[in-house]
Structure formats: structure tokens, C-alpha cells
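My request is simple: use the sequences and hints to build the entire structure.
Using full-length UniProt numbering, you'd call the opening residue of the sequence shown number 1 and step up by one each time.
One or more of the hints may lead you astray.
Stated by the list, open to error - Restraint-style ranges between C-beta atoms, simulated for each label pair:
id	residue 1	residue 2	range
1	E41	H236	29 to 39 Å
2	S55	A155	16 to 26 Å
3	A155	A64	29 to 39 Å
4	Y334	A64	28 to 38 Å
5	R52	A158	17 to 27 Å
6	R256	A234	36 to 46 Å
7	S39	W307	24 to 34 Å
Unchecked claim - Below, in silico cross-link-like pairs of lysine-lysine (BS3-like), each with a Cα-Cα straight-line distance of 27 Å or less:
id	residue 1	residue 2
8	K251	K198
9	K328	K113
10	K113	K198
11	K251	K328
12	K195	K251
13	K346	K195
14	K224	K346
15	K346	K198
16	K113	K325
17	K224	K113
18	K24	K328
19	K24	K346
20	K346	K255
21	K24	K198
22	K251	K113
23	K101	K195
24	K198	K255
25	K101	K224
26	K328	K224
Derived from the structure by calculation, the hints contain no laboratory data. Positions of the beta carbon are idealized from the N, C-alpha and C atoms, including for glycine.
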Amino acid sequence: MNRIALVVGVSGITGSNLAEELVKQGWTTYGLARNPNVSIEGLRTVAADLLRPESLSAALADVAPTHVFITSWMRMETEAENIRVNAAMVRNLLDALAPKKSVQHVALVTGLKHYLGPFEAYAKEGFLPETPLREEQPRLDIENFYYAQEDEVYAAAARDGFTWSIHRPHTVIGKAVGNQMNLGTTLAVYATICKETKRPFRFPGSEAQWNGLSDVTDARVLAKHLVWAASTEAAHNEAFNIVNGEYFRWKWLWKRLAGWFGVEPVGFNGTVHPLEDQMAQDGPVWHEIAERYSLAEPDLNRLASPWHTDLDLGRPIEVMTDMSKSRKFGFTDYQPTEESFFDLFKQLRNDRLIP
1 MNRIALVVGV SGITGSNLAE ELVKQGWTTY GLARNPNVSI EGLRTVAADL
51 LRPESLSAAL ADVAPTHVFI TSWMRMETEA ENIRVNAAMV RNLLDALAPK
101 KSVQHVALVT GLKHYLGPFE AYAKEGFLPE TPLREEQPRL DIENFYYAQE
151 DEVYAAAARD GFTWSIHRPH TVIGKAVGNQ MNLGTTLAVY ATICKETKRP
201 FRFPGSEAQW NGLSDVTDAR VLAKHLVWAA STEAAHNEAF NIVNGEYFRW
251 KWLWKRLAGW FGVEPVGFNG TVHPLEDQMA QDGPVWHEIA ERYSLAEPDL
301 NRLASPWHTD LDLGRPIEVM TDMSKSRKFG FTDYQPTEES FFDLFKQLRN
351 DRLIP
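Okay, here's the thing in C-alpha cells:
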């Protein structure tokens, strides 16, 4: 069977790693984004705006995918706007593909906010779910654009007859420039600034995150999980958590990250020190560092997303994810988290994004 993949959001962390995995496994692979400026040998890029149906129809005129992987989203000012815009993106895409009658499976990547609530909601009392997080936990009685995206996939599947899978990673660790949620690269940039300015590498988050158990999702593991679910009949029409497969504590990992960069680690000291505040004046500092070391990206905002890192590390509860369902269905990949970060740091250095 000729497997033709369409990766939506190919310029992001998840999409770019997924495209690489699909090409490596021999899939005919198209990558869609507004500006699909990714250099992946064998990838066929498609430039289109998911919010403009006419743009999608024109861009996809000669593309008839068998498998669609949706990894894209847009951050808006309110959750109501998040719902309106992100649901429309999924709906417009699947509507544009419907007349082709080629789609056999659609995979949607969302995340743990399925259980925690949207962004700031889980920092408020009353939105603290029981952990480890499990797929059978019901939806929260709250607005959440992940639910709206899922519902668009379910509706199109019922109409067009394709199977689906939902993938819920924790924080995704991998390389992308211009990404809205990029904890790994944010911490690399922050550590670099600390080293160059001789500032301490201060943990920005909560006591619960510092002392509690956590996990993350390596973008390479997520890519393998997406391809596995799309190719495994038993995994069709199911939702899955997907993380590295181990737990850690930030008070353990923070010292190791600091050691990689040669900076002084400072742990939780009774007060949250948001990274957004710590890095608020660092735009000119980063520009100077980029010039000094001839780095490829002088714009701090293109690399770092401290607002998202603060939301992750500032949670008032420990957050870890149960992987039993994926294991039961046959997915057994595992990734040491320390290596996820170190591999990313090496890639950022090789690509001249950090010195």
C-alpha cells in the first residue's frame, strides 16, 4: 500500500520530527505550514493557511493523503477565541480533504491540558486532577480548545469514514525556531544568558514542581508514537498519553542541566521566580551574545517562550502521566529524559543557535 502522509504544522517541534520519521520509514510525506521552511530531505512542502479554506483547497489540489497528522495550533487571547480559531483550523483542513475520499486515518496531537484545563486554569484551585493522568479520566467541565479539536475530528470521521487517534504528550522536548511552546530551547537560552552574564541558573517554578514527580515527551518518541498508532489497527479510534516512559524530579534534573552549561544551579527557595520576569530585559543581551558568537538567531523571542515554561514549572501539583494503555496496545519505546535535553542542547549548538 502506498502510504501518503500529510503533516500539518511541519515547521513546529512535533511536525518536523514526525516528518523526518515518516520519510525515514519510507512514507511519501507532505508537510503543510504557512511558511514550511524546514530542510528535510525527501519532504514535499505545502504552503497554506488553515484559516483560509480557499488557500487550503488550492494548495492541496494535487495532494491526496491516506494519513493526516495534525500538530498545529494557534494561541489566542482567550479560551473562547482558542476554541473558535483552532476548531476552525481542523474543520477547514478536513473539509478540504473530504472530496478526495483518500483519507484513511487522522491523528491529532493535543496534550495534558486535556486533564489540567487550558493554560492558566490549572493554576486555580479546583482544577487539580488526580495523577498519574490516565486516558479514561473524563473531560473537565470547562472551555478547552483541545475538546473542540477532538470533536471536529470525530465529526469528520463519522462523515468520511476514516479512523482516528488522539495523542496527549506532556511538554515536548525538541528543536524548532519560532515555536510557541519550547521549554527545552528556552532553558538552553536562559542557561546561556546566565553563563554569559554570570547570573545564577535559578529554578523559576513552584515547590510542587521542584520536589514532585514529573515527565516530558521527547519529540522523537512522539513521532514514533504517531506513526505506530496510524499503522496499528488495534490503536485506531483511541486516545493515548505519550511521554518518555520515566519519571524524574526537577530538583534532580536542574543540577544536571546546569552542569551541561557550566552554570551555578539555584533551586526553589520558597518563592516562585517566573522566567518571564527573569528574562524580560534580556532581548538586547541575547542579541549581543548572538553577535559575539555568530549565532543563527539573534531574536530572543524566536527561540524562547518563557510564558509557557512558567506555566509548566509553576504548577501547584506534581504532574506525571500513565503510559499503561500504550504499552498494552504494543508501543514500548522509551527515552531517558536527561538524554532528551542533552541531545537537544547538542543539536542547538551544532545549528549555531546557542554558543
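Results for each hint:
The given range of 29 to 39 Å is respected by E41 and H236, whose C-beta atoms sit roughly 30 Å from each other. Checked against the hint of 16 to 26 Å, the pair S55 and A155 passes, with Cβ atoms roughly 22 Å apart. Distance hint for A155 and A64: a CB-CB separation of about 21 Å, inconsistent with the stated range 29 to 39 Å. Under the hint 28 to 38 Å, the C-beta atoms of Y334 and A64, about 35 Å apart, fit the expected range.
The given range of 17 to 27 Å is respected by R52 and A158, whose C-beta atoms sit roughly 25 Å from each other. A C-beta distance of roughly 37 Å is found between R256 and A234, which places it inside the suggested range of 36 to 46 Å. Roughly 28 Å separates the CB atoms of S39 and W307, a value that falls within the hinted 24 to 34 Å. A hinted pair counts as satisfied when its Cα atoms are at most 27 Å apart, and K251 with K198 qualifies at roughly 21 Å.
Between K328 and K113 the CA atoms are separated by roughly 23 Å; this keeps the pair inside 27 Å, and the hint holds. Restraint check: the Cα-Cα separation between K113 and K198 comes to about 36 Å, which exceeds 27 Å; the hinted pair is violated. Of the pairs offered as hints, the one joining K251 and K328 is violated, with about 31 Å between alpha carbons and a cut-off of 27 Å exceeded. Taken as a hint, the K195 and K251 pair is honoured in the structure, with Cα atoms around 20 Å apart against an allowance of 27 Å.
This hinted pair checks out: K346 and K195 have alpha carbons roughly 17 Å apart, not beyond 27 Å. Between K224 and K346 the CA atoms are separated by roughly 21 Å; this keeps the pair inside 27 Å, and the hint holds. The hinted pair formed by K346 and K198 meets the criterion: a straight-line CA distance of about 22 Å does not exceed 27 Å. For the hint linking K113 to K325, the alpha-carbon distance of about 18 Å falls within 27 Å, and the restraint holds.
At most 27 Å may separate the alpha-carbon atoms for a hinted pair to count; K224 and K113 meet this at roughly 22 Å. As the CA atoms of K24 and K328 are separated by approximately 26 Å, the hinted pair is consistent with the 27 Å bound. At roughly 21 Å between alpha-carbon atoms, K24 and K346 fall within 27 Å of each other, so this suggested pair holds. Under the criterion of a C-alpha separation no larger than 27 Å, the hint pairing K346 with K255 is consistent with the structure, at around 18 Å.
Taken as a hint, the K24 and K198 pair is broken in the structure, with Cα atoms around 42 Å apart against an allowance of 27 Å. For the hint pairing K251 with K113, the CA-to-CA distance comes to about 23 Å; that is within 27 Å, so the pair holds. The straight-line distance between the Cα atoms of K101 and K195 is roughly 55 Å, outside the 27 Å bound, and the hint therefore fails. For a cut-off of 27 Å, the pair hint linking K198 to K255 stands: about 16 Å separates their Cα positions.
Annotation: proposed proximity of K101 to K224 holds, straight-line Cα distance about 26 Å (limit 27 Å). Between K328 and K224, the direct Cα distance comes to roughly 16 Å. Compliance with the 27 Å bound is thereby established for this hinted pair.
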